[in-house]
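Assemble chain B onto chain A, guided by the hints.
Chains as they are written, first to last, in the UniProt record's numbering: chain A, 1 to 328; chain B, 1 to 328.
Among the clues, some could well be false.
Pairs count within a copy or across copies, as identical chains cannot be separated in the list.
Straight line, CA to CA, 35 Å or less: simulated DSBU-like cross-link-like pairs of lysine-lysine [what the hints assert, rightly or not]:
#1 Lys15 to Lys142
#2 Lys142 to Lys316
#3 Lys127 to Lys306
#4 Lys127 to Lys219
#5 Lys316 to Lys96
#6 Lys15 to Lys306
#7 Lys219 to Lys15
#8 Lys219 to Lys306
#9 Lys306 to Lys142
#10 Lys306 to Lys318
#11 Lys96 to Lys142
Rather than coming from a laboratory, the hints here were simulated on the basis of the structure.
Number of protein chains: 2
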Amino acid sequence: MQNTPKEWNRIDRIKSLVQRHNPQTVVPLGDDAFVFKNFPGLSVIAQDMMVEDVHFSLSYTTAADLGHKILAVNLSDLAAMGATAHFGMVSLALPKELKSSSKNNDGTLTETWLDEFYLAMTALADKFSVEIVGGDLCGSPKSVVVDLSAYGSCEKPLTRAGAKSGDLLLSSGPLGLSHTGLLALQKNMSELFPESVLRHKRPMPRLDLVEHLQLHADKVHALMDCSDGLINDTLILTRGELGFNVFGDRLPIHAETVEMATSLNQSPLELALWGGEDYQLLMAIAPEDLPSFPGWHVVGQFTDSKDFYLLQGDLKAKITSFKGWSHF
Amino acid sequence: MQNTPKEWNRIDRIKSLVQRHNPQTVVPLGDDAFVFKNFPGLSVIAQDMMVEDVHFSLSYTTAADLGHKILAVNLSDLAAMGATAHFGMVSLALPKELKSSSKNNDGTLTETWLDEFYLAMTALADKFSVEIVGGDLCGSPKSVVVDLSAYGSCEKPLTRAGAKSGDLLLSSGPLGLSHTGLLALQKNMSELFPESVLRHKRPMPRLDLVEHLQLHADKVHALMDCSDGLINDTLILTRGELGFNVFGDRLPIHAETVEMATSLNQSPLELALWGGEDYQLLMAIAPEDLPSFPGWHVVGQFTDSKDFYLLQGDLKAKITSFKGWSHF
Numbered sequence: 001m002q003n004t005p006k007e008w009n010r011i012d013r014i015k016s017l018v019q020r021h022n023p024q025t026v027v028p029l030g031d032d033a034f035v036f037k038n039f040p041g042l043s044v045i046a047q048d049m050m051v052e053d054v055h056f057s058l059s060y061t062t063a064a065d066l067g068h069k070i071l072a073v074n075l076s077d078l079a080a081m082g083a084t085a086h087f088g089m090v091s092l093a094l095p096k097e098l099k100s101s102s103k104n105n106d107g108t109l110t111e112t113w114l115d116e117f118y119l120a121m122t123a124l125a126d127k128f129s130v131e132i133v134g135g136d137l138c139g140s141p142k143s144v145v146v147d148l149s150a151y152g153s154c155e156k157p158l159t160r161a162g163a164k165s166g167d168l169l170l171s172s173g174p175l176g177l178s179h180t181g182l183l184a185l186q187k188n189m190s191e192l193f194p195e196s197v198l199r200h201k202r203p204m205p206r207l208d209l210v211e212h213l214q215l216h217a218d219k220v221h222a223l224m225d226c227s228d229g230l231i232n233d234t235l236i237l238t239r240g241e242l243g244f245n246v247f248g249d250r251l252p253i254h255a256e257t258v259e260m261a262t263s264l265n266q267s268p269l270e271l272a273l274w275g276g277e278d279y280q281l282l283m284a285i286a287p288e289d290l291p292s293f294p295g296w297h298v299v300g301q302f303t304d305s306k307d308f309y310l311l312q313g314d315l316k317a318k319i320t321s322f323k324g325w326s327h328f
Numbered sequence: 001m002q003n004t005p006k007e008w009n010r011i012d013r014i015k016s017l018v019q020r021h022n023p024q025t026v027v028p029l030g031d032d033a034f035v036f037k038n039f040p041g042l043s044v045i046a047q048d049m050m051v052e053d054v055h056f057s058l059s060y061t062t063a064a065d066l067g068h069k070i071l072a073v074n075l076s077d078l079a080a081m082g083a084t085a086h087f088g089m090v091s092l093a094l095p096k097e098l099k100s101s102s103k104n105n106d107g108t109l110t111e112t113w114l115d116e117f118y119l120a121m122t123a124l125a126d127k128f129s130v131e132i133v134g135g136d137l138c139g140s141p142k143s144v145v146v147d148l149s150a151y152g153s154c155e156k157p158l159t160r161a162g163a164k165s166g167d168l169l170l171s172s173g174p175l176g177l178s179h180t181g182l183l184a185l186q187k188n189m190s191e192l193f194p195e196s197v198l199r200h201k202r203p204m205p206r207l208d209l210v211e212h213l214q215l216h217a218d219k220v221h222a223l224m225d226c227s228d229g230l231i232n233d234t235l236i237l238t239r240g241e242l243g244f245n246v247f248g249d250r251l252p253i254h255a256e257t258v259e260m261a262t263s264l265n266q267s268p269l270e271l272a273l274w275g276g277e278d279y280q281l282l283m284a285i286a287p288e289d290l291p292s293f294p295g296w297h298v299v300g301q302f303t304d305s306k307d308f309y310l311l312q313g314d315l316k317a318k319i320t321s322f323k324g325w326s327h328f
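Excised from the complex, chain A in its bound form (with noise of 0.2 Å):
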């Protein structure tokens, strides 16, 4: 909505960081909508927003971790998909006072602050070739909310759906690990988890396997990516149909996190099970094809018992509440 000269100099500004020349543009960033030639294969389109002070606080998440991770938590969605990703357009709206160039009082709501913003933002998307395209920027009365859609394509989209009784649960890396960062920010011990602190505020969408999910779609019976923590996304993947053994034992689990649950005195698990917004992939497929996924870690297996089990040495406990779990 650039209806003043001032805002025409902050969109002019905002398309001189973000804008890249993408052979398939046809109408660049500045028109009414943005046009660009179709890619090969199916169109894919994610769309995700993010709410000061319901899914993170300005008290430790910079403008450059927000805009890096609305754009990842989108790409991971499309990476979710088995899409390559091309796309984006992001919404912005802000207190008035960032749209200053004055500093506030903090020194921290300042046109500088949407510099770091978008530059954080196109930092994440020139990794995977993606571009920012269009989208909005206004005034908001009180909080910073950030809506991002994604845009990619694929030749065979990896559905939720299709994972079936003795299918095993793969996950593409380490569980727990931006809830351990969370918790390290929440307790100012970031400096003793870097990695989780890291995790949390920058997330990497896990594009880097695509390629290699596509040449082995057909082994694929089930993706998502892991936002709400393992058994919260693993019950969409069971539809109410399949029960589930989480291999406890066999949990990719780094260091920081078992640190972390140490100084608790939790156990590790309990952040890897329940811990969210890791934006691994969890994919399940035939246990004869795990020699075409190396890299990936067995997590677990679906099971016909529509019920969950914790596995661990020779218990078994069973997860009754989604919340925790009752051993017996």
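Below, chain B without anything else, positioned relative to chain A:
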């Protein structure tokens, strides 16, 4: 961000309200992302956000008005590109009290609000065979914020660039009508200005004109939608290279706008030149091509002077500040 059974129920309910069965759909709403087969031609995407107390007030914007309007303004951007609309993704941030099914004190902020929002949106979407295929729903500490991305396609994009000296500027309909409605709402005079209030609350994107525009695409030098008022938007079409003469005697002005202007002791032109949010289309064409566009209204002509003038009878007034004009 669907991480509780309550959220699932809400998402399921919204899904049941908005889901259609577009034949291009490959993976419907409910997976990590929406997947569809490419439409013929080029892809077109637009995204606009609306924030409570910045773009609208809940004191005279109902849930249904908002659901209609956020889709309408984005579909208008597609129409302004000469594109056919196909899909929308909508993200909505709502104050927490809206997330309860119990009524608030004022009885408006309820689950009913959500139903009305999505139903009005899909009513407009259905009118143009558009489907809402995803997005997000989340809490907000204070303001209602809604952001929508619209996806469409076109054979030839009709851009804002290309107006030439001597070109006529045409409007697809009355100018100043939406602003008349806003004034009527602010003055509690809605009943006297029914058409204006309707067009302010429920603007209608001019997608009905797209087929004809594409048929005559070679004659369209420039096209955009009029959201910030005739003069402000025409300034964009001049690209700082051209001037413009407004034909004050020929502007399409609705009787209600004349009535409102009279009651304010203003010229109706004041409303027609500066009032925003009409979402009519503005188009630059060569004078000889006028017969190809029946139903459009000639509102002015581009010149090579770089200045803006209002022509009215024998008077010629220079528009200087882009907030008003000075006669001389």
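| request: Please name the hints from earlier in the document that this structure breaks, with their numbers sorted from lowest to highest. | output: 2, 3, 5, 9
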